[in-house]
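There are 2 protein chains.
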Amino acid sequence: MERDFHALAQQYKSALLEDVIPFWENHSVDWEQGGYFTCLDRAGNVYDTDKFIWLQNRQVWMFSTFYNQIEPRRDWLAIAANGANFLAKHGRDGEGNWYFALTRDGQPLVQPYNIFSDCFAAMAFSKFALASGEDWAKEVALQAYGNVLRRKDNPKGKYTKGYPGTRPLKSLAVPMILANLTLEMDWLLPQETLDTVLAETVQEVMADFLDPVRGLMFENVMPDGSHLDCFDGRLLNPGHGIEAMWFVMDIANRRGDTATIHKAVDVVLNILNFAWDSDYGGLYYFMDAEGHPPHQLEWDQKLWWVHLETLVALSMGDRLTQRPECWEWFQKVHDYSWSHFADPEYGEWFGYLNRRGEVLLNLKGGKWKGCFHVPRALYLCWQQFEALSLQS
Amino acid sequence: MERDFHALAQQYKSALLEDVIPFWENHSVDWEQGGYFTCLDRAGNVYDTDKFIWLQNRQVWMFSTFYNQIEPRRDWLAIAANGANFLAKHGRDGEGNWYFALTRDGQPLVQPYNIFSDCFAAMAFSKFALASGEDWAKEVALQAYGNVLRRKDNPKGKYTKGYPGTRPLKSLAVPMILANLTLEMDWLLPQETLDTVLAETVQEVMADFLDPVRGLMFENVMPDGSHLDCFDGRLLNPGHGIEAMWFVMDIANRRGDTATIHKAVDVVLNILNFAWDSDYGGLYYFMDAEGHPPHQLEWDQKLWWVHLETLVALSMGDRLTQRPECWEWFQKVHDYSWSHFADPEYGEWFGYLNRRGEVLLNLKGGKWKGCFHVPRALYLCWQQFEALSLQS
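Chains Z and W, in that order, are what the protein sequence lines are. If you use our numbering, the first sequence corresponds to residues 1 to 392, in order. If you use our numbering, the second sequence corresponds to residues 1001 to 1392, in order.
In short, the hints are calculated from the structure, not lab data. We put the CB at the ideal spot given by N, CA and C, even for glycine. Do not take every clue at face value.
No farther apart than 25 angstroms at their CA atoms in a straight line, the calculated lysine-lysine pairs in the DSS-like style are these [said to hold, decoys possible]: (1) W/Lys1138 with Z/Lys161; (2) Z/Lys367 with Z/Lys89; (3) W/Lys1152 with W/Lys1367; (4) Z/Lys152 with W/Lys1332.
Derived coverage of chain W by chain Z (criterion: at least 3 residues anywhere in the stretch with Cβ under 8 angstroms from a Cβ of chain Z; other residues may be distant) [as the list claims (entries may be wrong)]: (5) 1104-1112; (6) 1256-1268.
Pulled from the structure, derived: some chain Z residues nowhere near chain W, Cβ distances all over 12 angstroms [stated by the list, open to error]: (7) Phe5; (8) Ser14; (9) Glu71; (10) Lys89; (11) Arg150; (12) Leu183; (13) Ser226; (14) Thr258; (15) Glu290; (16) Glu298; (17) Asp300; (18) Leu303; (19) Glu325; (20) Trp368; (21) Leu390.
Work the whole structure out from these sequences, hints included.
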């Protein structure tokens, strides 16, 4: 593969603008009842109409971001508004907490047991407020952000199944989502809040969740960063660790912290060496740090978002460090991803492959895959390669 | 394969007595701190020491049942007592509800969010009380049974994530577990309670959960037995449907209801025709009745218990009806199971295979696989073939 940044920028840009965005524009918008259909089969036909709050908010965020960052197209804003209006009306309970799922017409299906619903709401309404200029959207964003801050030390509240105190593991997801959220709300927050949260996140992730011996990110550690020898304590989620590392690179780059950028790249490379399937290619979904059987039955499957987050991390690492390992791995993961996940025949990308790389679920969207990881990663890779092509 | 019932009875009996029971005797008993290790690798080495209440209680039940029904061996009773004493001391919260998981030394790890922990406790302590003659064990059994009756209309209580009323689906698991439990507690319950519960269960399962058009068991239906077009409403769990059918056969046989036995056999055969993987053999774990992608990523995997429950259903169907399809399917599932799940090299059976029948998790026990389905099914198949060999 040629190190042709201009051609790569074009490939990712045209996949985004000519394939992926049109797929969601054409198949997912519920113009009749508001919000989006995300359960789409290979060809884009709707096979289920339930509305999952994570994916609804992520699609509002995505189309608002296209409007804000690519081009202020009126039809993109209309699609974002179609979700935002539906969600503002139906998405929250009487106390302003965000439900997990709704029926097609907006009746609550699953309780607000999950803080991430509020996170994605804050991100979505922040970017939608920026796009639309609507003050009410800004208020929805700030209210959801308040929920997250209020609930972050006990994310599942009364729905928590863990017995308090026995095994007080903390999860990588919490600092990651806080950093992500804070970046997405930057125009609504005081600079000082922004600086503090970002500095604390990088510190916590790189000191506590990064295992200094193996150089791998752990999903769950004790409050002081030590390990526990139990299923959750041994768990590695390679895609999540790699995603965390491009967040860290992005934040470190804003702060001019070159050492942390290099450290994050080291971790990405360590994870790739550990989690790449040398028999069939692709990255495993879950692993046990000690090599024991994980309890996730889907552990050996190859998931779209894992590979897309890796492409973002490697292209960003290449842009920020020019280390040759980034380019070597990028080619390998790019080839695997485009030859296994992309579906030139019907558009968009498959989400779930088995270990051998064969399609496991013949869909383009479901309960967890919506209009988010594919377009976000295509956009970010395009941006990295555009910057690289201007550098060279 | 020869229709030699004597040889089959011998095969299942010797696998149970000479392979499977010794495997659990040798590797799983925590003589030091009480209870059992269930996370055992291929060779039986312990790789995790957490104690999951379902599996702890099931092993108490299993060794008590060996003692009660095979032979009153003192070492089997000692193994049952080693679990029962540990569980009586550590298994329940202050209100007598059964936790979901404990640490090795008995500290609570996961709250009593699940009614099935109480079910398995009632079954375990009923059979342990019968084996040991201990009155305290009888009391533990009756108290757990009381929890189940109290919680059965709202099995997850405050941990329920479903929003009340929007989609009031009922689950096949509830009548099944109630029937199972009632049978296991028969010596402690009035005959009238027994008769009523069993008659109601068979009625509810065969009228509401059985789809009269397709002849398949659905996992979740509306209270009147109608279907809902949503992920949960379209869900089929072939192994669970087949397990339900041998329960129904067993109950119908006690009640001399030949028509229901034949109907249950019909359903087993329908499920087998629907869920057998014609490419690689074996039964799928989850399916969508409409052929849409299920949201269970493990849907195409081949699980030990699915196949063992099927062997029980087919051997029981053969014994009770002598229908040739039972024998035809029995041979097919027997061959698949013994050639894929059994592990003559290290003993016991693998639990989790991928769609192609290759080992997915290299273990003999974990969070969900313990000393239960393999020995129970080997015992029940042995009994069916012994009865058949006496009939012929």
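Against the structure, the hints come out as follows:
{"no.": "1", "hint": "W/Lys1138 with Z/Lys161", "result": "29 angstroms, violated"}
{"no.": "2", "hint": "Z/Lys367 with Z/Lys89", "result": "21 angstroms, holds"}
{"no.": "3", "hint": "W/Lys1152 with W/Lys1367", "result": "24 angstroms, holds"}
{"no.": "4", "hint": "Z/Lys152 with W/Lys1332", "result": "53 angstroms, violated"}
{"no.": "5", "hint": "1104-1112", "result": "holds (count 5)"}
{"no.": "6", "hint": "1256-1268", "result": "violated (count 0)"}
{"no.": "7", "hint": "Phe5", "result": "36 angstroms, holds"}
{"no.": "8", "hint": "Ser14", "result": "28 angstroms, holds"}
{"no.": "9", "hint": "Glu71", "result": "34 angstroms, holds"}
{"no.": "10", "hint": "Lys89", "result": "16 angstroms, holds"}
{"no.": "11", "hint": "Arg150", "result": "20 angstroms, holds"}
{"no.": "12", "hint": "Leu183", "result": "29 angstroms, holds"}
{"no.": "13", "hint": "Ser226", "result": "17 angstroms, holds"}
{"no.": "14", "hint": "Thr258", "result": "39 angstroms, holds"}
{"no.": "15", "hint": "Glu290", "result": "8 angstroms, violated"}
{"no.": "16", "hint": "Glu298", "result": "4 angstroms, violated"}
{"no.": "17", "hint": "Asp300", "result": "7 angstroms, violated"}
{"no.": "18", "hint": "Leu303", "result": "9 angstroms, violated"}
{"no.": "19", "hint": "Glu325", "result": "31 angstroms, holds"}
{"no.": "20", "hint": "Trp368", "result": "8 angstroms, violated"}
{"no.": "21", "hint": "Leu390", "result": "41 angstroms, holds"}
The structure does not agree with the numbered hints 1, 4, 6, 15, 16, 17, 18, 20 stated previously, though it agrees with the rest.
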